[in-house]
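J.: Okay, so the sequence shown: first residue is 1 according to UniProt numbering, each after it adds one.
Worth flagging that the hints you see were computed from the coordinates, not collected in a lab.
Here the structure is a predicted model, which means the values were calculated and not measured.
Be aware that one or more of the hints could be misleading.
Said to hold, decoys possible - Using C-beta positions, here's what the derived DEER-type ranges look like: (1) Gly177 <-> Trp25: 38 to 46 Å; (2) Ser254 <-> Glu40: 32 to 40 Å; (3) Ala24 <-> Asp92: 21 to 29 Å; (4) Ser37 <-> Thr136: 40 to 48 Å; (5) Gly85 <-> Asp32: 17 to 25 Å; (6) Asp86 <-> Ser254: 29 to 37 Å; (7) Ala24 <-> Leu194: 34 to 42 Å; (8) Asn33 <-> Asn175: 13 to 21 Å.
Glycine residues also receive a C-beta, built at the ideal position from the N, C-alpha and C atoms.
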Amino acid sequence: HNERKNLPIIVWLLARVFDEHALAWELIVVDDNSPDSTQEVARELAHAYGEDKIVRPSLAAHLAAKQTMKMLGPHIPMGSTSGSGDFGIIMDADFSHHPKFISQFIRYVPRPPFPASPHPCAQLRHFVTGTRYRETLQPAMTGTTPRGVYGWDLRRKFVSRGAHFLQFLADTVLNPGFTDLTVSFRLCKKSVLLQHIITLTQSRGYVFKMEMMVRARALGYSVGEVPITFVDRLFGESKLGADEIVQYGKGVWSLFTGV
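Kindly generate the complete structure, drawing on both the sequences and the hints.
T.: Have a look at this one:
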């Protein structure tokens, strides 16, 4: 939402990462009718990179997804169904999720052509999530980078304190087996996400990020973690506020009693 200034830079960085690792890629730009003409920028990027690289779901698909996926809003299901790959990366376009960490994420998924010898990571994962709270990769592998949060103003830090307390509460009550329930930077096996997780998820908006991972673990799917640095957005304003923190607390209780 309102990512006109961020979008060209994040697309260039993503394209560079994917090309460096010889990955076939496409970017699904899901925009919620931004008043700053984000979609116009996406259209220009599609012209520059190719319509097969920059995919912009239609307004009809957007409205249909809103109608059928009222529990969380249309963004994740619409992005997932619009792509053609086996795995998808969910991330924000505001640089709080930096593309440089994708090279760590993809170490947990198989890469075609599949070799006869075992994959470097003996235990591949259905989901890989970024974490601001773990120092090392989980399962363990070498080559990690520092993790943490940087560049937040006083208001964002105050809101984050409330979220961090609820994160601790969620870890204690839900025992999900990983350290960061609220981060949106994730790699998912699409068939699992679409067929099992999204169809069961009942939460709306911000809490959906937490519920999808709690349900994934409850259903026996494997989750890997990659330490990330989380920085404040370059342009625009964050939508996270006190209302989302209250919603998160209610979500913890709902998941504890219902999952």
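J.: Compare the structure with each hint and give your call.
T.: Results for each hint:
1. Gly177 <-> Trp25: 38 to 46 Å: At 30 Å between Cβs, range violated.
2. Ser254 <-> Glu40: 32 to 40 Å: 39 Å, holds
3. Ala24 <-> Asp92: 21 to 29 Å: 23 Å, holds
4. Ser37 <-> Thr136: 40 to 48 Å: For Thr136 against Ser37, whose Cβ atoms are near 42 Å apart, the range 40 to 48 Å holds.
5. Gly85 <-> Asp32: 17 to 25 Å: Check passed, 23 Å falls within 17 to 25 Å.
6. Asp86 <-> Ser254: 29 to 37 Å: About 31 Å separates the Cβ atoms of Asp86 and Ser254, which means 29 to 37 Å holds.
7. Ala24 <-> Leu194: 34 to 42 Å: 20 Å, violated
8. Asn33 <-> Asn175: 13 to 21 Å: Given a distance of about 39 Å, which is not inside 13 to 21 Å, the answer is violated.
Going down the numbered hints, you'll see the structure goes against 1, 7 and 8, while the others check out.
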